[in-house]
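Read off the chains here:
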Amino acid sequence: MAPKYHGVDFYSLDTLLSEEERAVRDTVRTWVDKQLIPVIGDAYIEGHFPKQLIPGMAELGLFGANLPEEYGCAGLNNVAYGLIMQELERGDSGVRSFASVQGALVMYPIYAFGSDEQKRKWLPEMASGKVIGCFGLTEPDYGSNPAGMITTAKESKDGWVLNGAKMWITNGSTAQVAVVWAKTGAQSDANSIRGFLVPTHTRGFSAKDQKGKLSLRASDTSELVLQDVHLAKDAILPKSGGLKSPLMCLTQARYGISWGALGAAMACYDEAVSYSKNRVMFGKPIGGFQLQQARLAEMLTEITKAQLLVLQLGRLKDQGKMTPQQVSLAKRNNVDMATDIARETRRLLGANGILAEYQAMRHLANLESVYTYEGTHDVHTLVLGQEITGISAFE
Amino acid sequence: MKIAVCIKRVADSETRVKVAGDGKSLDDAGVKFILNPYDEFAVEEALQRKEKAGTGEVVVLALGSATAQETIRTALAMGADRGILLQTDAVPADGFVTAQAIATELKAGGPWDLVLFGKMAIDDYNSQVGPMVAELLDLPCVTSVSHLTIENGVATADREIEGAVEVVQCPVPAVITTDKGINEPRYPALKGIMAAKKKPLEVKPVTLGGGSIEVLEMQPPPARKEGKIVGEGAAAVPELVKLLREEAKVL
Chain A
382 MAPKYHGVDF YSLDTLLSEE ERAVRDTVRT WVDKQLIPVI GDAYIEGHFP
432 KQLIPGMAEL GLFGANLPEE YGCAGLNNVA YGLIMQELER GDSGVRSFAS
482 VQGALVMYPI YAFGSDEQKR KWLPEMASGK VIGCFGLTEP DYGSNPAGMI
532 TTAKESKDGW VLNGAKMWIT NGSTAQVAVV WAKTGAQSDA NSIRGFLVPT
582 HTRGFSAKDQ KGKLSLRASD TSELVLQDVH LAKDAILPKS GGLKSPLMCL
632 TQARYGISWG ALGAAMACYD EAVSYSKNRV MFGKPIGGFQ LQQARLAEML
682 TEITKAQLLV LQLGRLKDQG KMTPQQVSLA KRNNVDMATD IARETRRLLG
732 ANGILAEYQA MRHLANLESV YTYEGTHDVH TLVLGQEITG ISAFE
Chain B
7 MKIAVCIKRV ADSETRVKVA GDGKSLDDAG VKFILNPYDE FAVEEALQRK
57 EKAGTGEVVV LALGSATAQE TIRTALAMGA DRGILLQTDA VPADGFVTAQ
107 AIATELKAGG PWDLVLFGKM AIDDYNSQVG PMVAELLDLP CVTSVSHLTI
157 ENGVATADRE IEGAVEVVQC PVPAVITTDK GINEPRYPAL KGIMAAKKKP
207 LEVKPVTLGG GSIEVLEMQP PPARKEGKIV GEGAAAVPEL VKLLREEAKV
257 L
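Respectively, the protein sequence lines represent chains A and B. According to this note's numbering, the first sequence holds residues 382 to 776 in order. According to this note's numbering, the second sequence holds residues 7 to 257 in order.
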């Protein structure tokens, strides 16, 4: 059995958290220890999301936890929400992705762009885990450039008709409802992008799991096909308008990812420290060798910096002052440093580091996806470049 | 059902504790404190009984420093209705002093259908306060209960004793101290954590008598002797068995 996880807090950052924030973090941490860690290795090898965790996650209130109580959500602040993501991804990026998609990519747009009826219909059911959602933005040929999407929504006399395809959709085959982004105007008109709530049993909608993933294996990733999908008039998210609407959702999700990646890094560091103290080679624990100490010192430094980064980001978000560019910086930095730490931990563990019994290689493989999704590392680099210089490198 | 649950804030058994400079207390710095795990069973038992009855009140009572409010709020987050902190500078070494203060408060706030404690606190291992409170309140007391049913004013309790289960009965109201196995304590849901902030938590400063027990000294346990590696893999088994038989004499 793995030694108990203690978290990483070299700078007494706990003193910057409120009692509620710590209580939320500790509750999710205990839940992850007891419910997630014991099953995640097998789920990963078998290549499916551990669905049996959904009721427990819902009962704790992990879905859309920063949305208001009137919709059955926990009404937490954004730091507490971030801490949830941190603890979930300490378990596995795939499980954190599940919660991110449900909360930040489906519940959030319904909350932000939906009608009162849509909010009342969907949010309580999604908070309680009875309805699972997915988010369809990326297409086979439009990843980093979502403005070019070719999925269309044509207005008919009694509603909408959607046609197109979406790819890399987390929870696609599990979901009862999909938020699908489509152009309502000309192909060149990104301002005509609108969000639609598509019940997945609608005729013409199909989802097929993508096979052969070597990363995020404990998460279901699907391809969506929409072929003459007829929707009622009220399927549109009335307050969505242009590409900025889905990008707002992505800002929410990326905020959570900045915290989540930190959790994966903390898990790896914890494993590295424990292993380096117990593994004896050349007559002493390998933690006594300078090369391993340098690795550990580097990891602790990067984790501490990343913790300060997301905590301040969360406080800014709670004050309504957070900018998407600040989120880009945090996502870019924290996922990159987490990937490095996972890789270094894998190496510190020697041959054992390649086994599913340990966490490092699973986290490493997962983080390669996290590095790429929700705005690739490179795209966030260019977002920052544009912010600094005022010149867009995209056009 | 009006149920009192008496709880204690204790250092997490996973934390590495250090003896403080005075040589007779623990250094709090960097120590994580939790709701005593046996008291979690007591809280859960109270909540389940209230839920089953469909009505009632679960009141959580703790004695300790102001920081114990956080521990009470953990129980409120699990679902208890209100909390009372008997605030002191420190938890006295003499369990009887604690028991007197708790009994006085319970008398004033009663009558109770049931008074629950954890079977012991994981910091002092005394198992004293529950039975002492029962005595002071003139109530029957059953300790270390791993299963409890209450019907028609009679409590039937299982106690896990050496090699057997003892089943005992007593009238209620009674003081019951809970053991592992009685239930599976719930996680405080996030909504519960938010709601706990708004639940009443009464802080009552109390002055305690001196008691007759004094802690003279605290010492960390002696360091374990270094182990011996007899070899690796299957080839080491005969040597290991030999040593276990001849040296350790455990086989």
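Any given hint could turn out to be false.
When the alpha-carbon atoms are kept at most 25 Å apart in a straight line, the in silico PhoX-like pairs for lysine-lysine are as follows [said to hold, decoys possible]:
id: 1; chain 1: A; residue 1: Lys511; chain 2: B; residue 2: Lys197
id: 2; chain 1: B; residue 1: Lys255; chain 2: A; residue 2: Lys385
id: 3; chain 1: A; residue 1: Lys415; chain 2: B; residue 2: Lys231
id: 4; chain 1: B; residue 1: Lys231; chain 2: B; residue 2: Lys24
id: 5; chain 1: A; residue 1: Lys502; chain 2: A; residue 2: Lys614
id: 6; chain 1: A; residue 1: Lys500; chain 2: B; residue 2: Lys255
id: 7; chain 1: A; residue 1: Lys535; chain 2: A; residue 2: Lys415
id: 8; chain 1: A; residue 1: Lys500; chain 2: A; residue 2: Lys511
id: 9; chain 1: A; residue 1: Lys415; chain 2: B; residue 2: Lys8
id: 10; chain 1: B; residue 1: Lys255; chain 2: A; residue 2: Lys415
id: 11; chain 1: A; residue 1: Lys686; chain 2: B; residue 2: Lys38
id: 12; chain 1: A; residue 1: Lys594; chain 2: A; residue 2: Lys432
id: 13; chain 1: B; residue 1: Lys203; chain 2: B; residue 2: Lys231
id: 14; chain 1: A; residue 1: Lys511; chain 2: A; residue 2: Lys625
id: 15; chain 1: B; residue 1: Lys231; chain 2: A; residue 2: Lys502
id: 16; chain 1: A; residue 1: Lys665; chain 2: A; residue 2: Lys385
id: 17; chain 1: A; residue 1: Lys385; chain 2: B; residue 2: Lys248
id: 18; chain 1: A; residue 1: Lys500; chain 2: A; residue 2: Lys620
id: 19; chain 1: A; residue 1: Lys500; chain 2: A; residue 2: Lys535
id: 20; chain 1: B; residue 1: Lys203; chain 2: A; residue 2: Lys665
id: 21; chain 1: A; residue 1: Lys535; chain 2: A; residue 2: Lys432
id: 22; chain 1: A; residue 1: Lys686; chain 2: A; residue 2: Lys665
id: 23; chain 1: A; residue 1: Lys432; chain 2: B; residue 2: Lys203
id: 24; chain 1: B; residue 1: Lys231; chain 2: B; residue 2: Lys205
id: 25; chain 1: B; residue 1: Lys255; chain 2: B; residue 2: Lys234
id: 26; chain 1: B; residue 1: Lys24; chain 2: A; residue 2: Lys385
id: 27; chain 1: B; residue 1: Lys38; chain 2: A; residue 2: Lys385
id: 28; chain 1: A; residue 1: Lys665; chain 2: B; residue 2: Lys231
id: 29; chain 1: A; residue 1: Lys511; chain 2: A; residue 2: Lys589
id: 30; chain 1: B; residue 1: Lys197; chain 2: A; residue 2: Lys658
id: 31; chain 1: A; residue 1: Lys658; chain 2: B; residue 2: Lys24
id: 32; chain 1: B; residue 1: Lys203; chain 2: B; residue 2: Lys8
id: 33; chain 1: B; residue 1: Lys38; chain 2: B; residue 2: Lys234
id: 34; chain 1: A; residue 1: Lys686; chain 2: A; residue 2: Lys500
id: 35; chain 1: A; residue 1: Lys658; chain 2: B; residue 2: Lys186
id: 36; chain 1: B; residue 1: Lys38; chain 2: A; residue 2: Lys658
Stretch by stretch, here's where chain B covers chain A in the computed footprint (C-beta under 8 Å, at least three residues) [stated by the list, open to error]:
id: 37; segment: 455 to 465
id: 38; segment: 549 to 562
id: 39; segment: 707 to 720
I should point out that these hints are in silico values taken from the structure, not numbers from a laboratory. In this text the structure is predicted, and so the values were computed from the model without any measurement. Ideal Cβ positions, reconstructed from N, Cα and C, are used throughout, including at glycine.
Status of each hint after checking the structure:
no.: 1; hint: A:Lys511 / B:Lys197; in the structure: holds (18 Å)
no.: 2; hint: B:Lys255 / A:Lys385; in the structure: violated (32 Å)
no.: 3; hint: A:Lys415 / B:Lys231; in the structure: violated (32 Å)
no.: 4; hint: B:Lys231 / B:Lys24; in the structure: holds (20 Å)
no.: 5; hint: A:Lys502 / A:Lys614; in the structure: holds (16 Å)
no.: 6; hint: A:Lys500 / B:Lys255; in the structure: violated (70 Å)
no.: 7; hint: A:Lys535 / A:Lys415; in the structure: violated (48 Å)
no.: 8; hint: A:Lys500 / A:Lys511; in the structure: holds (15 Å)
no.: 9; hint: A:Lys415 / B:Lys8; in the structure: violated (32 Å)
no.: 10; hint: B:Lys255 / A:Lys415; in the structure: violated (37 Å)
no.: 11; hint: A:Lys686 / B:Lys38; in the structure: holds (23 Å)
no.: 12; hint: A:Lys594 / A:Lys432; in the structure: holds (18 Å)
no.: 13; hint: B:Lys203 / B:Lys231; in the structure: violated (48 Å)
no.: 14; hint: A:Lys511 / A:Lys625; in the structure: violated (29 Å)
no.: 15; hint: B:Lys231 / A:Lys502; in the structure: violated (64 Å)
no.: 16; hint: A:Lys665 / A:Lys385; in the structure: holds (23 Å)
no.: 17; hint: A:Lys385 / B:Lys248; in the structure: violated (33 Å)
no.: 18; hint: A:Lys500 / A:Lys620; in the structure: holds (12 Å)
no.: 19; hint: A:Lys500 / A:Lys535; in the structure: holds (24 Å)
no.: 20; hint: B:Lys203 / A:Lys665; in the structure: violated (50 Å)
no.: 21; hint: A:Lys535 / A:Lys432; in the structure: violated (35 Å)
no.: 22; hint: A:Lys686 / A:Lys665; in the structure: violated (31 Å)
no.: 23; hint: A:Lys432 / B:Lys203; in the structure: violated (32 Å)
no.: 24; hint: B:Lys231 / B:Lys205; in the structure: violated (50 Å)
no.: 25; hint: B:Lys255 / B:Lys234; in the structure: holds (15 Å)
no.: 26; hint: B:Lys24 / A:Lys385; in the structure: holds (20 Å)
no.: 27; hint: B:Lys38 / A:Lys385; in the structure: holds (14 Å)
no.: 28; hint: A:Lys665 / B:Lys231; in the structure: holds (17 Å)
no.: 29; hint: A:Lys511 / A:Lys589; in the structure: holds (21 Å)
no.: 30; hint: B:Lys197 / A:Lys658; in the structure: violated (39 Å)
no.: 31; hint: A:Lys658 / B:Lys24; in the structure: holds (21 Å)
no.: 32; hint: B:Lys203 / B:Lys8; in the structure: holds (22 Å)
no.: 33; hint: B:Lys38 / B:Lys234; in the structure: violated (33 Å)
no.: 34; hint: A:Lys686 / A:Lys500; in the structure: violated (38 Å)
no.: 35; hint: A:Lys658 / B:Lys186; in the structure: violated (33 Å)
no.: 36; hint: B:Lys38 / A:Lys658; in the structure: holds (23 Å)
no.: 37; hint: 455 to 465; in the structure: holds (count 5)
no.: 38; hint: 549 to 562; in the structure: violated (count 0)
no.: 39; hint: 707 to 720; in the structure: violated (count 0)
In the structure shown, a violation is registered for the earlier hints numbered 2, 3, 6, 7, 9, 10, 13, 14, 15, 17, 20, 21, 22, 23, 24, 30, 33, 34, 35, 38 and 39, in ascending order.
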